[in-house]
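The two chains are supplied separately, each in an independent frame; assemble them into the complex guided by the hints.
From first to last, the protein sequence lines are chains A and B.
Under my numbering, the residue at position 44 of the first sequence is numbered 44, and the numbers go up by one with no gaps.
Under my numbering, the residue at position 73 of the second sequence is numbered 1073, and the numbers go up by one with no gaps.
Mixed in with the good hints there might be a few duds.
Claimed, not checked - Each computed SDA-like pair below joins lysine to any residue, with the alpha-carbon atoms no more than 25 angstroms apart: (1) B/Lys1012 <-> A/Pro29; (2) B/Lys1075 <-> A/Arg76; (3) A/Lys86 <-> A/Arg144; (4) A/Lys113 <-> B/Val1008; (5) A/Lys113 <-> A/Arg76; (6) B/Lys1027 <-> A/Ser50; (7) B/Lys1012 <-> A/Arg126; (8) A/Lys158 <-> A/Gln236; (9) B/Lys1026 <-> A/Ala101; (10) B/Lys1075 <-> A/Pro74; (11) B/Lys1027 <-> A/Val124; (12) B/Lys1026 <-> B/Tyr1092; (13) B/Lys1027 <-> A/Gly75; (14) B/Lys1026 <-> B/Asp1061; (15) B/Lys1027 <-> A/Leu72; (16) B/Lys1075 <-> A/Lys158.
Treat the hints as calculated values from the structure; they're not laboratory data.
From a predicted model like this one, the values you see are computed outputs, not experimental measurements.
Each chain is listed here by its residues.
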Amino acid sequence: MTAVTDLAAAASRAPAQSAFRVLVVDDDPDMTRFLCLLLGNEGMAVETASDGESAMRSIVASPPEMVLLDVLLPGRGGFEICARLKSDPATALIPVILITALEDRESRVRGIKAGADDFLSKPVRREELLARVQTLRRLHETRRELEARRLAAEVQRKEAIRKAFSRYVSPRLAERIIGSLGSEDAPFREPAQRTDVVVLFADLRGFTSITESIEVHHVVHMLNEYFAVLTEAAYQHEGTIFNMAGDSLLVGFNVPLPQPDAAERALRAAIDMIARFAPVAAAWRRRHGIATGVGIGMCLGEAIIGNVGSPHYMSYTVVGDPVNTAARLTAMAQADEVLVSGTLFDALRSLVSGRRVEPRGDVALRGKSEPVPVYAIRL
Amino acid sequence: MNDAAYHVKVDKGLADLIPTFMSNRKKELEALRAALAAADFEQLRQLGHRMRGVGNSYGFDRVSDIGRSIEEGAKSGDKASLEQQIAHYGEYLSRVQIAYE
Chain A
1 MTAVTDLAAA ASRAPAQSAF RVLVVDDDPD MTRFLCLLLG NEGMAVETAS DGESAMRSIV
61 ASPPEMVLLD VLLPGRGGFE ICARLKSDPA TALIPVILIT ALEDRESRVR GIKAGADDFL
121 SKPVRREELL ARVQTLRRLH ETRRELEARR LAAEVQRKEA IRKAFSRYVS PRLAERIIGS
181 LGSEDAPFRE PAQRTDVVVL FADLRGFTSI TESIEVHHVV HMLNEYFAVL TEAAYQHEGT
241 IFNMAGDSLL VGFNVPLPQP DAAERALRAA IDMIARFAPV AAAWRRRHGI ATGVGIGMCL
301 GEAIIGNVGS PHYMSYTVVG DPVNTAARLT AMAQADEVLV SGTLFDALRS LVSGRRVEPR
361 GDVALRGKSE PVPVYAIRL
Chain B
1001 MNDAAYHVKV DKGLADLIPT FMSNRKKELE ALRAALAAAD FEQLRQLGHR MRGVGNSYGF
1061 DRVSDIGRSI EEGAKSGDKA SLEQQIAHYG EYLSRVQIAY E
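Next up, chain B with everything else stripped away, as it sits in the complex (with noise of 0.2 angstroms):
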C-alpha cells in the first residue's frame, strides 16, 4: 500500500447525494467489521453485495470491486481475504478523493 490518493470521477448531477453515500460507505465499513468479527459470513454476503451493487453505479468502481471480494470471501469462508478486503476498504474510504465533472 502507498500513501496515494484515490481519484473517483463523479457526474456532478449526483454532487447533491455523495456526502450521504460516502457517510453510508462509513457505516458500511463499520459493519463489515462487526461482522468480520462475529464470523457472520451471511452479513458480510449481503453487505459485499450490497457494496457491488451501488458502488460503480456512483462511479466508485473499486467499492464495487472491494465488494465482490468481499462477497465472495464470505461465500468461500475464506476468512483471511475478508480481513484483507475490508483493511483495503477502509484505507480506500480514507484516502478517496472526489473530482465532479
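Same shape as in the complex, but just chain A (with noise of 0.2 angstroms):
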C-alpha cells in the first residue's frame, strides 16, 4: 500500500480523524492520483493500494468505508477481491465500487455475480464519481447507524432480560441463557417436559417462634437475611430457584440446562447453605434468644419441568414426585440436617465419606405408597 499521495493530501486539507475512508486500488499511478485528488477535494480520507494483494493487507489491517477497485490488478484481479470481500462477513458490508471500461458488459456481469455495490466507468468523469461515491456513502453510513441502533437495542434488551433472569437462576446460567437466545432449543421456550431433576428443599427451622415473638419488621429483615444466604449458596453452585414462599426454598439441578453433576452440586449447596446460615442463626440468638436452623431435603427423579400458569401469570415451574418427596423430608429435617432420598444417595455416596451419614432406613412419606430409604448428612 502506498500513502496518500502529495497532492491528494494537500487537497483534502488534512481530513479529520472522523473523515470517510475510502480505499482505492488501481495499478495506474496516474489513476490513482486522479481519484485521490477527486476524493480528497471532499474531505475523504484516501488510501492507496497498486495490487490485489496489498489491498487485501489493508483492508484486513484497517477496514475501509468503502473501496474502488480496478477490475484489472496485477495478481488478484478486482472480481476476485470483491467476492472475497462480501463473502466475508467483517467486510461484507463495505461497499465496493468496480471500476471497469464504458462498454465492458462482461466485466459488469461478472461484477454483479461477486458482489460489486456499483460501477464506475473510465473515462471516469468527476461528477458521476462523487454521485456514485457519495450515494454509497449515504446508504453505507445509514446501514451503519441502523445496525448500531440494533446492536444497542439487542444489549439493552439482553441486559434487561439478565437483570430479570438473574433474580431467578445463577448469574452464569443466565449468561448461558442469554447466549442461547435465539436458537431453537433455548432454555424456557420448550413445552413442559419430563426430565431428571435434584430438587433441594430448604426451610427454616424455628420460623413459627420468630413470627410469634419478635415485630413484623424484624420478621421481614430476618427472612431477607435468611434467603439471601440460601440464595447465594444456591447461585453459586449454579442452583435454578423455582419458588420461594413464606420460610421455605424450592431449587432445581439439571435445569433448565443439563448438569452431569447435579447430584454433587446439589450436595455442596445444600451443605453451603447451612454453613452461610450459621452465622446468621448465632447472631439472631444473641439478638433474640431464638434457636434456628435450615432443614433441607432433596430427591433425585424425573419431574416435569415447564412454564405453568394462564396468559396472564406463568411460573417456571416443577413438579413431580421428587418435589413431593423432598418437601416431605425437609418437614422431616431437623436444624442443620440434609435429608436425601435413597435414590440421590447412591448418587453421592462416593462424595459424603467424611461427613456424618445416618441411614434412617425405609421411611413411609405421606403421598407415597411405598417407604423411601432415607440418609441424613451433617456437617
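Put into C-alpha cells, the structure is as follows:
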C-alpha cells in the first residue's frame, strides 16, 4: 500500500480523523492520483493500493468504509477481491465500486456476481464519481447507523433479560441462557418436558417462634437475611430457584440446562446453605434469643419442568414426585440436617465419605405408597 | 500529418497532476516502442488498455483513442497498425498543448 499522494493529501486539507475512509485500488498511478484528488477534495481520507495482495492486507488491517476497485490488477484481480470481501461477514458491508470500461458488459455481469455495489466507467467523470460515491456513502452510513441502533437495542434487551433472569437463576446460568436466545433449543422456550431433576427443599427451623415473638418489620428483615444466604449458596452451585414462599426455598439442579454433576452440585449447595446460615443463626440467637437452623430435603427423580400458568401469569415450575418427596423430607429434617432419598444418596455415596451420615431406614412418607430409604447428612 | 498543435482543455483542478501525467505518458511511449521492438503483444495490449482508461479521465481523449487502437492492434497482432499508432502517439505527445479552464 502506498501513502496518499502528496497532492491528494494537500487537496484534502488533512481530513479529520473521522473522515470517510476510501481505499482506491488501481495499478495505474495516474488514475490513482486522479481519484485521490477528486475524493480528497470532498474531505475523504483516501488510501491507495496498487495490487490485489496489498489491497487485501490493507483491508484486513484497517477496513475502509468504501473500496474503489479497478477490475484489471496485477495478482488478484478486482473480481476476486470483491468476491472475497463480500463473502466475509467482517467485510461484506463495505461498499465496493468496481471500475470498468464503459462498454465492458461482461465485466459488469461478473462484477454483479462478485457482489459489487456499483460500477464506475472509464473515463471517470468527476460528477459521476462523486454522485456514486456519495450515494453509496449515505447508504453505508444509514446501514451502519441502523446496525448500531439494532446492536444497542439488542444489548439493552439482553441486559433487561439478564436482570430479570438473575433474580431466578445464577448469573452464570443467566448468561448461558441469554447466549442461547434465538436458538431453537433455548431454555424456557420449550414446552413442558419430563426430565431428571435433583430437587432441594430448604426450610427454616424455628420460624414459627420467630413470627410469634418478634415484631413484623424484624421478621421481614430476618427472612431477607435468611433467603440472601440461601440464594447465594444456590447460585454458587448454579441451581435454579423455582419457588420462595414463607420460609421455604425450592431449588432444582439439572434444569433448565443439563448438569452432569447435578447431584454433587445439590449436595454442595445444601452444605453451603447450612454453613452460610450458621453465623446468621448465631447473630439471631444473640439478638433475639431464638434457636434456628436450616432443614433440607433432597430427592432425585423424574419431574415435569415447564412454564405453567395462564396467559396472564406464568411460572417456570417443577412438579412431580421428587418435589413431593423432597418437601416431605424437609419437614422431617432437623436444624442443619440434610435428608436425602435413597436414589440420590446412591449418586452421592462417594462424595459423603468423611461426613456424618446416618441411615434412617425405609421411611413411610405421606402421599407415597412405598417407603423411601432415607439418609441424614450433617456437616 | 501536419505541424498543427493538438489543443487539450483540462480542468484546472487537475493542474497539479498534469506534469506527472505527461511525464508518465512519455515513459509510456518508450515502453510501447520497446514492446513493439520485442513484438511483445501482451505488453502492448496492457499499455493500450491503460492509456484507454486514463487518457480521457484527464481530458486527453486522443490518448484514449490511440490506446484503444493499440489494444486492438495488439490483440490482432497487427504490427503495421501498431507501428503507425505508436508513431502517431509520439507525434501527439510532442505537439500537445494544454489549456486549463
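Original post:
Tell me, which hint numbers fail for this structure?
Top reply: 4 and 16
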